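Enquirer: Modelling step: build the complete structure from the supplied sequences, incorporating the hints.
Given next are the chains, with one letter for each unit.
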Amino acid sequence: MGLSVSAQNIDFVDANFYIDESAMVRAVNAQAANLTDLTFHIVSPNMPGAAYPAVASQTMFLQYTSVKTAAPDDQRQITVDVVGGDFPAGVSLALTAQSAGTGSIGSGNEVELSSGTQSGILVNGLGSAYSGTGAGQGIPVTYALNFTTEALDASTAGMISLQFTLSNN
Amino acid sequence: MKAFALFPGSAIGWAGILWIGLLQGSAWSQVVVTNGLSHFQRGSSQEVGYIELWNPTQERQTALLILDSLLGPMSDLQIASEVPIPPETRVRVNYRWLSEDSSSQGIRIFVSTAVQAAIPEVQAGRVRVQIATRYAVDLYRGQLCEELDLVWSDLGICVTNQSKDFWAGSCYAIRNGERHGRSLAGGVLRPGDSRVWQLPEDSEGAWLENVDGAIVASRRP
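Chains A and B supply the protein sequences, listed in that same order.
In terms of our numbering, the first sequence is residues -17 to 151.
In terms of our numbering, the second sequence is residues 22 to 242.
For the chain A half of the interface with chain B, some residues (derived, Cβ under 7 Å), not all of them:
1) Glu3
2) Leu17
3) Asp19
4) Leu20
5) Thr51
6) Gln57
Coverage of chain B stretches by chain A, computed from C-beta distances (three or more under 8 Å per stretch; other residues unrestricted):
7) 52 to 61
8) 146 to 152
9) 182 to 195
Everything labelled a hint here was simulated from the structure, so no lab data went into it.
Computed from a prediction, not measured in an experiment: that's the story for all the values here.
Cβ coordinates follow ideal geometry from the N, Cα and C atoms, glycine included.
Expert: Right, here's the structure in full:
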């Protein structure tokens, strides 16, 4: 009776997966072109006695890619800060964000910035998610300029610098 | 294949930022942070670490790093304030805690990409809003605690860190007496920090787990 011996050589190959803990964000317009500034013009009414008409709101998009890691960097947020400039007398700026994208997209908030309020959380609870890169994709952020005629002062113009920051929650 | 370039930290600080004049943050943060937005180092020694930045573009970029305090003095951390990054290259920006300190410390590093831009003029009656983006990388040094004070309210559960150490972890809902689903909230609580975290109304309670796996749980009243 013969003895059969079967031998098998196995080469173990380590497969190393390296996943970047990505944090990427950019501001774009409705055509998905990079956006650096928005201008609002407060125009006088065309009828004596009328209040200044409201200024049309404008919308930009925050396109992002976020791959979270373990706690505590497992949830992220996007905040907005006024880092320069002054609001003209009687003017405030309301920013409204709606969460958008694929994955753990968190939730959007409204922030009203003025000479008294200089920062706020626009989006929180962002996990691993991405927005897409095309036109109309990203977190829509609508800017609404708020004012009352009796509080305006035409001698004041405004340059306001906003920073959108992607951070750990 | 990844290409790394090492840049030793320097203590240039704010002055190093200011001399570049018209360099300012870009609306498109071309530079990307690839090793997380929160770094935790335990212990009190002169530890080192790094922030990994990637320039995915075809052009040379300059990353600007600005320090802000999360807890304690900023002077205890050494890191470069301006880092050139070749196209499609990753760099490690080293940082070093300069002195031994047993107290809890936290520093936020704002990372943005420099661009050349002229300062625009603004006419009367107009409001011009400049837009830029950046990242915040939080560096913590200290010990982790396990205990938290938990108080239920109509808004959710109020979580307070009464210890002298950090708490870092995540909050989950409890269902069927066990941790359920994905993390609902979390992050780092500095000594004295208090936050209110919302939980689904049908959850039985809150399950808070720190990064070491220590659990504090509370059933809904």
